[in-house]
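The task is simple: from the sequences and hints, build the whole structure.
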Amino acid sequence: MRCRKCGERTVFSSPALCKDHFISAFEKKVYDTIDRYKLISRGQRIAVACSGGKDSTVLLHLLQKRGYDVTAMAIDEGIAGYRDKTLAFLRRFCFERGIPLQVHRYQDAFGASLDHMMQRSPRKPCTVCGVFRRYLLNRHARDFDLLALGHNLDDEAQSILMNLLLNNRAVLSRLGPKAGIVEAEGFTPRIKPLYLCREKEVMAYSFIQNLLTDFTECPNIVDSFRAEVRDFLNDHEASHPGFKELLVHEYLSSLPRLQRQAKDSGDLEPVGSCSLCREPSAAAVCRACSLKKEIRVSSPERQGA
Amino acid sequence: MDVFIEKQDRHHRLSFRGSGDRLLALFDINPETVILVKDGQLITSDTMLKDTDAVRILSVISGG
Ligand code: SF4
Ligand SMILES: [Zn+2]
Ligand SMILES: [Zn+2]
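Chains as they are written, first to last, in the working numbering: chain V, 220 to 524; chain X, 3 to 66.
Hints listed in this document are in silico derivations from the structure and should not be mistaken for laboratory results.
Straight-line alpha carbon distances no greater than 25 angstroms define the calculated PhoX-like cross-link-like pairs of lysine-lysine that follow: (1) X:52 - V:238; (2) V:304 - X:9; (3) V:397 - V:482.
Ranges between beta-carbon positions, derived for each pair: (4) V:445 - X:40: 30 to 40 angstroms; (5) V:501 - X:10: 37 to 47 angstroms; (6) X:50 - V:261: 43 to 53 angstroms; (7) X:30 - V:491: 48 to 58 angstroms; (8) V:338 - X:30: 33 to 43 angstroms; (9) X:40 - V:223: 15 to 25 angstroms.
Virtual Cβ for every residue (Gly too), placed ideally from N, Cα, C.
Okay, here's the thing in structure tokens:
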């Protein structure tokens, strides 16, 4: 297979591009997404949610490369043998490039690591992990204008299909490259500049640019509904190339209607705040505070309180 | 041929000639979920491989 632009040896097959043309096409796709969906205005301060994995590292690299004001923000759940490794990579990466890095630890915020919490809770680790991670990201992102997430096209295709299968219209109306249509107080807008990049493209780019750490996998990873949908989409993609892109593009063209419907049906009521921690929450007590109580860990530190 | 499958953290030694696609099929791996690396270079799965090649199969799916 030869590059469709210059005839050199290809590094990527769909589209068929050589190394140099793949790099420029990938970067153009990300920057065009930012411009087309007006994700970032000049001068905005951006927190990039970083895990040390390929997606968020590629995102950080590309945003810094274009001269945006970025700070890497990582959450250390306390997962021995996994997060310590990915964070060591992220620390080195940020240090070498002079990118400010904030690491917020479960241990400091909740008085226990995820590993420790799991010794006293029957809950699934990913449930607890997700609630506390969103809580910390949301709270610390408030010091910034935007929170950038490394979600790629595969992540989004999975979310779309999962929420279609569950007929979850409220969530469907909130996906998209600029997530969250509720301009609620206390929520920093979330942007997804890698929105139109397939996971395989992100991986190829990170390999070529040497942005990869050794492969590590969270020991808590289980066969979730998301994993099932992901495998289905990848199998389907193999027999029907282009399906994931089609799904996301069809979703994007329906998004204005989904958002209108959500507004009309009252799904987008402004959120109130948690009576315990004062973070935004639709319920009287937010999920983080009720989980915390259930697992009996100490109260999250309050910012400025 | 030496094939390293990163997700399994395992080397496989086998006698093989053919395309990357055929190699992936042999291991029952969906090409959409991996990238192929030979001599430190990214290759596309239609690339013809020789028995003396060393190939690394890297997983695209992030781990958690
Ligand atoms: S796999 Fe689960 S426990 Fe591990 S980092 Fe992801 S959400 Fe957290
Ligand atoms: Zn080219
Ligand atoms: Zn709360």
